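Given these sequences and hints, build the entire structure.
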Amino acid sequence: MAVIQTSNKACTVNPLKMSQPIGGALAFMGIKDSMPLFHGSQGCTSFGLVLFVRHFKEAIPLQTTAMSEVATVLGGYENVEQAIVNISNKQRARLIGICSTGVTETKGDDVDSYIKLVRQQHPELDGISLVYVSTPDFKDSFQDGWEKTVVKIIETLVKAPEPDVVRDPKKLVVLPGCHYTPGDLDELRDIIEGFGFEALFLPDLAASLDGHIPDDFTPTTLGGISLEDIAGLGNASHAIALSPHMLPAAQALEKKAGVPFKLFERMIGLLPTDAFIKHLMEISGRDVPVKFKRQRSQLVDAMLDGHFHTGGKKIAVGLEPDFLMDLSSFLVDMGCHISVAVSTNAQPVLEKVPTESVLIGDLEDLERMAPGCDLLITHAHGRQASERLHIPLYRMFLPIFDRLGAGHITTVGYRGARDRIFEIANTFIANSHVAKPDTWYPHPGEETAHGVHSTAH
Amino acid sequence: MSSVSATIQNVFNEPACPKNAAKSEKERKKGCTKQLQPGGAAGGCAFDGAKIALQPITDVAHLVHGPIACEGNSWDNRGAYSSGSTLYRTGFTTDINETDVVFGGEKRLYKAIKEIIEKYNPPSVFVYQTCVPAMIGDDIDAVCKAATKKFGTPIVPVNSPGFVGPKNLGNKLAGEALLAHVIGTEEPDYTTPYDVNIIGEYNLAGEMWQVEPLLKEIGFRILSCISGDAKYHEVARAHRARATMMVCSKAMINITRKLEDLYGIPYFEGSFYGIGDMSDSIRQLAQLCIDRGAPPEFMDRAEAVIAREEKLAWDEIMSYLPRLKGKKVLLITGGVKSWSVVAALQEVGMEIVGTSVKKSTKEDKERIKELMGEDAHAFDDMSPREMYKMLRDAKADIMLSGGRSQFIALKANMPWLDINQERHHAYSGYKGMVDLVKEIDKALYNPIWNQVRTIAPWSNPADSWQAKADAEAAREAAELAADPAKAEAKRRARKICNCKTIDLGTIEDAILASTLTTVEQVVETTHAGSGCTGCRGKIGDILADLAAKAGGPVVELTPEEAEARRRSKKICNCKEVTLGTIEDVVRAERLTTVAEVTAATDAGSGCTGCCEDIEEILDAIVAPAEELTAIAAE
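Residue numbers (our numbering), protein chains in the order written: chain A, 243 to 699; chain B, 7 to 640.
Honestly, the hints are just simulated from the structure, not real lab data. All values reported here derive from a predicted model rather than from experimental measurement.
With a cut-off of at most 27 Å between alpha-carbon atoms, the simulated DSS-like pairs for lysine-lysine come out as follows: (1) B:K444 to A:K678; (2) A:K535 to B:K474; (3) A:K678 to B:K448.
If we take Cβ atoms under 8 Å as the criterion, some of the chain A residues that face chain B in the derived model are: (4) D516; (5) I519; (6) K520; (7) M523; (8) D529; (9) V530; (10) R538; (11) V542; (12) M576; (13) P679; (14) W682.
Every residue, glycine too, gets a C-beta built ideally from N, C-alpha and C.
What follows is the structure, encoded as structure tokens:
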């Protein structure tokens, strides 16, 4: 069990962490016709926007209440009202997802009351869904913003079913954590549909940020789960929560609509995927499609091929808590050692990271502890440490702004694990230390050798 | 006789090869390469062998004269490392086309040499002949001679087209090329009594660098290493060394022996694999230098380094003792390293199970070498079912083998390490052995094994491959047990003496009827063994068996001893080939005919008296397998 340690530095250097509101905004981006709205100053939004644009290489819907200094002091009701009205009218959003920021939380804006007031003042906006999440920048991190937002969406938008509801046996709700890429969701959908289910992902980034070419210009999200589908989630037969931070969302759905759920803390690797498939077999009563049998076999083969290269490797990982736990466990399953683990927020899940201690810290901490490691795994900001330490960087999570295809990096399912093993092993192969004449015996006794020669002559 | 075939003949007539020396004049002429079997041949051709042997010479441009296949499909796929030039890794080929085939490729070859010299200016260009230009009659010797004269750079023809034979022959032809065109063409600036050659070491994965620094520290000067990390000028001066070490391989025995014949350089055969062998090799090399004039104190220097390095290595290896002690290892390969690692494994408390390597005495090593050959993969080619049975019975914790990774690991359900992966890992000398133990530890404790052993969520354990194999084995045993009369009849019908066509039953009856006790008596009574006398050993065995049955002096044998005795039975007296040897070859190479066995082992090539015995051995191995296949098909 890992000990969670907190850095006592006053100054964070090269941050690993990203703020809560952008985690919340990303969750809203997995809903169709939605517009995330930051209640804060323009900059709060713009930084988040740029981060997502650079990562996904897509147009990102994200609006701001554009709080000025005066508005901040006097309270932001007008800004919230205007933003809602404008977004409704101009961008035709059907859902406006409002995340608070550091500025407005510090001021203490009561956005829940603002919304009530807006509802009273603007009956013409009754058709527009409004969801507000409190996500102060100065507390928690990206993963928490996502978690709180999904809970709030369920609480606000899912309709409680009638007591005598006939549940749809084919309807399965999937609540994915914040680190699953559109590629992951596509893979999961493929697996779940293989068992005859209709998979409803909340949020569904695969439909919005998978990098497809839209038919038309849309200022809101390009796709995602529809509001109708969200409202109707209550009659589903099963729910699956992926990652510990989705437990509250699953509990919220159970509380509101009585949908039973199963939580999968780990999703990466052979045994986690086996467990996932087994659950689907049980709840569907169906046999496994042949393609998954083949994929499992491929993964086992990849493990056998890969373990030569991954075995004994020392890795420094910096990620959000749940992803850190899952990915680290997967790497340890492949024979790696997690020598350095840095995360963003002291969640209990970090105790399950297979290493001695997890530091709540930044990339400077990671860089300081990483010498001697064979690989760094974190987001693209790890590249500076990688250059300085001459240790390769394997980019995971977000942002990945200096590589293409970040949205399609797939870690889940047999295929995802297979491909990760190949890529990580290839990174080791590409960076393997080629033997040199002095690899085993640095600076052999050249002089003594000459000494012998001279005496012999 | 063309020059290539003359060279090949010359190579075959290798007096330093004990195998060759044991042959008759007539057989020697037939050569030591067995005829390749269409549809059943594996491994590279003579060109491949020549290229492998010479390419580690790093500053030479290696130009392949032939169609694109010969170089285009194979270039830069060798793990020989260089401390300097990387020219050896550049792929040069004449890539001859249809027009060249019709009109001859010599001009293109000449131009290619010219271009290389203009662009790269190497100390030498090695020109490799391949099948197609050999067929159309391109005279590379003449082109090389002309180019040497014209450009003033030594251009070396390597006449080893693929079709003349296997890889092994190519190694030797490469050696001939060096002897004919390179070695002895230059003189070193100075010589010392410590100048040595290392021959047959290719510096794969940098293995030479696990050895060379120590040799230098002791005071040796490696005048020439053929061919690992070598430079042209070094090879050209090899004839001035005081001693040669031939690295554990017959591949370049011709160079070694001719250096002795032509230049009086004594040699020994040694190995850098394994701590004991490494130390022995250093001592022998030092002794040869001392014999040729180096001061006797030189040995003290060698011993000091040996003592220090052995201690360091053992200390490090012993640190693995707590983790490795008591673990059972299955050694499944005839690769060079198998027996070298035994001592190290035993030292950390690992138990070697399930292979013929039980002790690490020199005799044992010799025996394994004899049994499995230099690069035999006897057990690698076992049928999966046999392999599984062996692994299951051995209850090993880890298997060390070469090749066929996933398959074996999966079927065997056990950790596995490819110890023949010398292209990727250097396991030479003291540090290499420590690295190997480290790798074994890593493989043994890798957590993937528990995962890959888990049964898929949808699988029934009874359907597993292992369960099926167990069921098959049980069925086979039941079949044999079911019909003892048939088994006995078959046993008695076995022909013992081929010359006089006398079967086992007849001899047994004679012995029992006339209470015969010696082989001579049996020969006299039954005439078995009166022809070629090849079966007299077997008659001795029959006498012993019957005596044992009759309650005579019974010697209690452990199952292993019994098996060893059974295997050591000589089948072919002319060529001294044992049952074990034949069984192994039949299994390994999946032989089905006596002719194949004779080709592979020489058994039956003398008086041919044992051909029927070989047939029976084949039946015993091949028939059950076929029956089972038939049963399975039903």
